[in-house]
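Chains as they are written, first to last, in full-length UniProt numbering: chain A, 1 to 408; chain B, 1 to 408.
Worth flagging that the hints you see were computed from the coordinates, not collected in a lab. Mixed in with the good hints there might be a few duds.
Identical copies go unnamed one by one, so any copy, or any two together, can satisfy a pair.
[Unchecked claim] Dumping the calculated DMTMM-like pairs for lysine to aspartate or glutamate here, alpha-carbon to alpha-carbon at most 25 angstroms: (1) K135 <-> E289; (2) K261 <-> E336; (3) K261 <-> E105; (4) K261 <-> D41; (5) K135 <-> E43; (6) K261 <-> E344; (7) K135 <-> D168; (8) K373 <-> E312; (9) K373 <-> E289; (10) K135 <-> D113; (11) K261 <-> E62; (12) K261 <-> D113; (13) K261 <-> E131.
Protein chains: 2
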Amino acid sequence: MSRPPFLQIDPPQRLLMGPGPINAHPRVLRAMSADMLGQFDPEMTFYMNETMALYRQVFMTENRWTFLVDGTARAGIEAALASLIEPGALTLILRTGRFGLLLSEIAERLGADIRVLDLPWGETATPDQIEEAIKQHRPRVFACIHGDTSTTMAQPLDGIGELCRRYDVLSYADVTATLGGMPVRTDQWGIDVISGGLQKCMGGPPGSAPITISDRAADFIMSRRHVEAGIRSSSQTDGSRIRIASNYFDLAMIMDYWSEKRLNHHTEATSMLYAAREAACIVLEEGLENRFARHTQASTALIAGLRAMNLEIFGQDAHRMTNVTGLWIPENINGEAVRTRMREDFGIEIGTAFGPLAGRIWRIGTMGYNAVKHKVLLTLGALEAALAAEGYPVPRGAAVDAALACWP
Amino acid sequence: MSRPPFLQIDPPQRLLMGPGPINAHPRVLRAMSADMLGQFDPEMTFYMNETMALYRQVFMTENRWTFLVDGTARAGIEAALASLIEPGALTLILRTGRFGLLLSEIAERLGADIRVLDLPWGETATPDQIEEAIKQHRPRVFACIHGDTSTTMAQPLDGIGELCRRYDVLSYADVTATLGGMPVRTDQWGIDVISGGLQKCMGGPPGSAPITISDRAADFIMSRRHVEAGIRSSSQTDGSRIRIASNYFDLAMIMDYWSEKRLNHHTEATSMLYAAREAACIVLEEGLENRFARHTQASTALIAGLRAMNLEIFGQDAHRMTNVTGLWIPENINGEAVRTRMREDFGIEIGTAFGPLAGRIWRIGTMGYNAVKHKVLLTLGALEAALAAEGYPVPRGAAVDAALACWP
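All chains, please: the whole structure from these sequences, using the hints.
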């Protein structure tokens with residue numbers, strides 16, 4: 001860190017095998033070097049429409065309202081919740097890890113009347129548990145995380161949207177960590193609003209949050225619509241419900257901006273739009289099912305390698321995310337010392353953990369551009385060496401051999 | 001617009017001479033093609049610290065708390081207001097154009113008790129008018145726009161921060177349209193919180209909002225601090241005042257993230273950080289005063305050229321922004337037809353207008369990378385041809401000659 005300041009940007013080449021951000025696909029990075037367009041230039045709005053069409057495929061949905069929120073994945077979550085939750089609205093939140101807690105933290109600030117379905121970090125809820133909680137609390141909104149990287153568990157969502165509709169509940173799911181890596185079957189799930197990010201399985205940089213909204217949720221959000229005074233004209237009418245508490249996260253206004261009306265809201269983050277568009281192109285060229293299979297293959301091999309080193313995997317096999325794996329730090333091993341060796345000797349990053357799991361598990365990602373054979377093998381080899389250097393009795397060579405055997 | 005979808009990104013090369021976004025400096029575009037780093041990698045936090053140091057210079061401040069909000073310029077405005085305004089707080093807003101209206105729109109949603117100092121679009125307030133309004137309303141917060149592109153006027157801010165402190169008022173100014181093009185003398189003005197954007201005079205893409213915060217405002221914001229449950233530990237204490245209504249825009253949490261504590265909040269938008277850093281490097285290499293002079297020179301020449309075509313400039317000469325110029329659309333000329341000719345025949349974009357000025361003025365930017373002789377001359381030449389084609393009796397060649405004569 002002793003170089004003189006303000007030289008050209010020149011980050012060291014890291015292999016990012018943590019829970020995200022991961023290395024961006026080089027095509028995505030190159031796409032960002034295209035120059036700006038005016039925000040209402042027909043070429044720009046063409047790219048906006050194209051991006052909507054691409055993300056409908058990525059989200060496996062017919063939802064008309066599928067677009068980008070300009071900010072990191074967390075901005076997508078807050079836009080969804082701010083638009084769905086009116087002050088005082090009874091809101092049920094499933095919390096099984098850090099990001100479930102984030103949902104209730106955001107909802108609290110929005111003035112929601114919160115009920116929680118809390119499970120220990122590392123567990124997932126059954127549809128029966130969710131139905132029980134809905135029957136008990138009769139919420140207006142249900143919110144949950146699909147893949148909570150803090151625990152590496154994926155919450156099954158099949159049937160949950162349908163369940164919510166049966167009780168007239170608007171539903172939200174965050175798929176930041178799974179979009180483009182595990183199936184996000186928006187229409188099949190029937191979840192009303194789903195938002196994600198680019199920096200995990202999509203293979204892009206953080207800073208743009210793709211979102212998709214059902215017609216039913218869009219109707220509700222539009223009933224909270226309120227056009228800005230500075231651009232108001234007689235043809236625009238406000239909705240009857242309580243105005244959304246944020247201007248930036250007002251999805252009604254953002255929909256007006258992405259619609260044929262092109263009502264000015266923010267200035268679309270052009271470079272991030274280019275990145276999001278290119279990331280989706282790459283995902284769809286590979287094919288969603290191929291991509292899901294590639295992630296499964298990579299994490300299966302990673303787990304085989306870790307187990308061959310007698311390391312214990314965290315959580316339940318049945319609900320494991322296929323793109324990030326938690327493993328217990330062995331007794332008497334300094335987790336941070338191992339991570340530092342990985343980074344400094346091998347240029348590889350693996351993840352630490354939060355909350356009750358901090359200092360107890362590592363998290364290794366196999367995401368997007370990095371969910372490939374050679375990166376899994378390099379990571380296992382490096383981890384073996386780092387563990388050995390820290391005094392863990394590792395059977396040399398076993399991890400790479402076990403992982404390698406998982407590929408045909 | 002008939003090309004098959006999902007080809008490589010390939011926007012046509014436009015010369016963006018509107019009120020922003022403008023063409024990004026190629027060095028900024030290239031910086032974004034650097035790959036990701038983990039968010040707590042020492043190399044990443046080094047770049048974050050460097051970026052803070054660079055923006056202190058750009059904002060002409062010693063403020064420790066000088067960093068980026070991840071979103072477009074509007075995100076910076078909302079973060080500032082959400083963090084400064086408690087529900088019910090008496091808030092005085094100076095409104096002389098669209099973006100003043102935006103401030104009150106955002107503040108309303110935050111539950112502020114709003115008082116306004118309203119002036120017709122195109123005027124600016126005197127210090128006496130501001131002091132009168134402060135004495136009358138005794139607000140907790142005063143908010144204004146430095147350069148409101150909707151009117152092309154710059155609000156003088158010398159002495160305003162000191163005035164606000166005398167009455168114990170927290171002050172905010174938006175400098176999205178002026179940062180890097182006109183003097184933004186944070187410490188001299190004494191304004192507590194100032195936020196900007198990249199896509200105008202900074203010569204970067206939209207999507208990152210630099211912000212600077214005085215110690216006094218930071219103390220206030222930290223008194224509203226509330227650490228997220230998912231990352232809470234015994235060493236973190238909450239403040240005594242009302243929690244900030246937004247998680248994403250909670251500047252107390254964002255300061256914790258940019259501080260040595262590195263408490264996780266969002267995942268920093270890496271590529272946009274690289275862009276913001278490079279944009280600041282370019283600004284500082286040129287030198288702030290050189291850069292301000294270049295903008296003044298460009299707009300002076302532009303105005304000379306426009307007047308040589310007998311076009312009438314909008315607003316008051318004394319308070320004109322030096323980076324965007326409004327001009328009245330001549331009678332019987334279709335403003336949109338001229339803009340379309342400019343774009344389609346010459347690849348040049350000039351701006352339309354909002355609200356009471358919609359359809360009445362055009363706005364021509366001379367911003368950042370585009371505030372240079374040849375771009376001003378090309379724009380004037382193209383405008384002359386477009387006006388002539390639309391039937392306006394333009395003295396041929398006069399505009400370019402008049403502008404050219406403005407450079408030594």
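Hint numbers not upheld by this structure, sorted from lowest to highest: 1, 5, 12 and 13
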